[in-house]
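Q: Sequence:
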Amino acid sequence: MKLTKFEIIIIILILGLGALFLTKDNLSLDNVPKIESLRKNKDYKDNKKDENESENESDFDEGEIEVHIDGRVKNPGVYKIKKGTRLQDLIDEAGGLLDDAKTSNLNLARKLKDEEKITIKSYLDKDEEDSKININTASKDMLTSIPGVGSKMADKIIKYRQEHPFNTIEDLLNITGIGKKKFEEIKLYITTD
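Residues in the sequence shown are numbered consecutively from 1, following UniProt numbering.
In short, the hints are calculated from the structure, not lab data.
For clarity, every value in this text was computed on a predicted model and none was experimentally measured.
Some hints here could point you the wrong way.
What the hints assert, rightly or not - With a cut-off of at most 27 Å between alpha-carbon atoms, the simulated DSS-like pairs for lysine-lysine come out as follows:
1. 132 x 182
2. 156 x 181
3. 132 x 181
4. 111 x 2
5. 152 x 180
6. 102 x 132
7. 113 x 182
8. 132 x 111
9. 140 x 159
10. 182 x 83
11. 113 x 181
12. 132 x 152
13. 140 x 187
14. 180 x 113
15. 111 x 82
Could you build all of it, start to finish, from the sequences and the hints given here?
A: In structure tokens, the structure reads:
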């Protein structure tokens with residue numbers, strides 16, 4: 001029995017449609033879970049990436065800082081210490097205090113900040129009024145010797161005073177980054193006279 005071209009085409013179409021109909025359920029159901037699991041896997045990787053980034057940020061937050069201590073300590077210099085270290089711990093690391101060191105003006109329990117300079121004075125030094133730093137004329141080094149004033153804050157003070165000389169020490173409150181708490185911390189060390 002010989003088939004015509006038309007009959008062959010019809011048979012191929014019927015077989016093709018039958019095969020498509022039989023495999024239709026398998027194709028569509030198999031693909032959905034695979035796509036879903038790929039999405040879940042991608043979300044998992046994205047979440048892991050976010051967790052790793054936040055872990056790296058927290059590592060940075062718990063990192064080290066550098067603080068300069070000088071004056072009446074046995075080993076003055078710049079020390080790399082853990083963030084959150086207290087002044088007493090830094091003094092211990094610097095070999096301790098010399099016999100004439102004056103600590104009555106220091107908060108030994110205070111946490112230190114990056115780029116801070118701590119100067120331990122002698123009780124033999126001049127009257128405290130004479131040793132206050134004039135914020136209108138002080139150099140950057142002098143400003144950074146004030147406990148709580150780092151390099152960046154000293155730059156802000158100098159920039160501000162070039163345009164607006166300080167009439168009173170309270171004028172420091174006009175500088176971004178110096179609030180009431182910071183002002184209370186540094187006001188004992190400064191003057192405008």
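Q: Could you grab the alpha-carbon distance between residue 132 and residue 182 and see if it respects the 27 Å cut-off?
A: Since the Cα atoms of residue 132 and residue 182 sit roughly 17 Å apart, the hinted pair holds (cutoff 27 Å).
Q: Does residue 132 lie within 27 Å of residue 102 when you go C-alpha to C-alpha?
A: Satisfied, since the Cα-Cα distance of roughly 15 Å is no more than 27 Å.
Q: Mind checking the alpha carbons of residue 113 and residue 182 for me, to see if they're no more than 27 Å apart?
A: holds, 12 Å
Q: Is residue 140 within 27 Å of residue 159, Cα to Cα?
A: holds, 11 Å
Q: Taking 27 Å as the top limit, are the C-alpha atoms of residue 180 and residue 113 close enough?
A: Measuring from Cα to Cα gives roughly 18 Å; hence the hint holds.
Q: Please verify whether residue 111 and residue 82 have alpha carbons no more than 27 Å apart.
A: holds, 10 Å
Q: Would you check the hint for residue 156 and residue 181, treating anything up to 27 Å between C-alpha atoms as holding?
A: Between residue 156 and residue 181 the Cα gap is close to 17 Å, so the pair holds against 27 Å.
Q: Does the alpha-carbon distance linking residue 111 and residue 2 stay inside the 27 Å limit?
A: violated, 99 Å
Q: Check whether the Cα positions of residue 132 and residue 152 lie no farther apart than 27 Å.
A: Holds, because 20 Å separates the two Cα atoms, which is no more than 27 Å.
Q: Between residue 132 and residue 181, is the straight-line Cα distance small enough, at 27 Å or below?
A: Given that 27 Å is the threshold and the Cα spacing comes to 19 Å, the pair holds.
Q: Hey, residue 113 versus residue 181, does the alpha-carbon distance stay inside 27 Å?
A: holds, 15 Å
Q: Regarding the pair residue 140 and residue 187, is the alpha-carbon distance no greater than 27 Å?
A: holds, 17 Å
Going through the hint list in order, the structure does not satisfy hint 4, though it satisfies all others.
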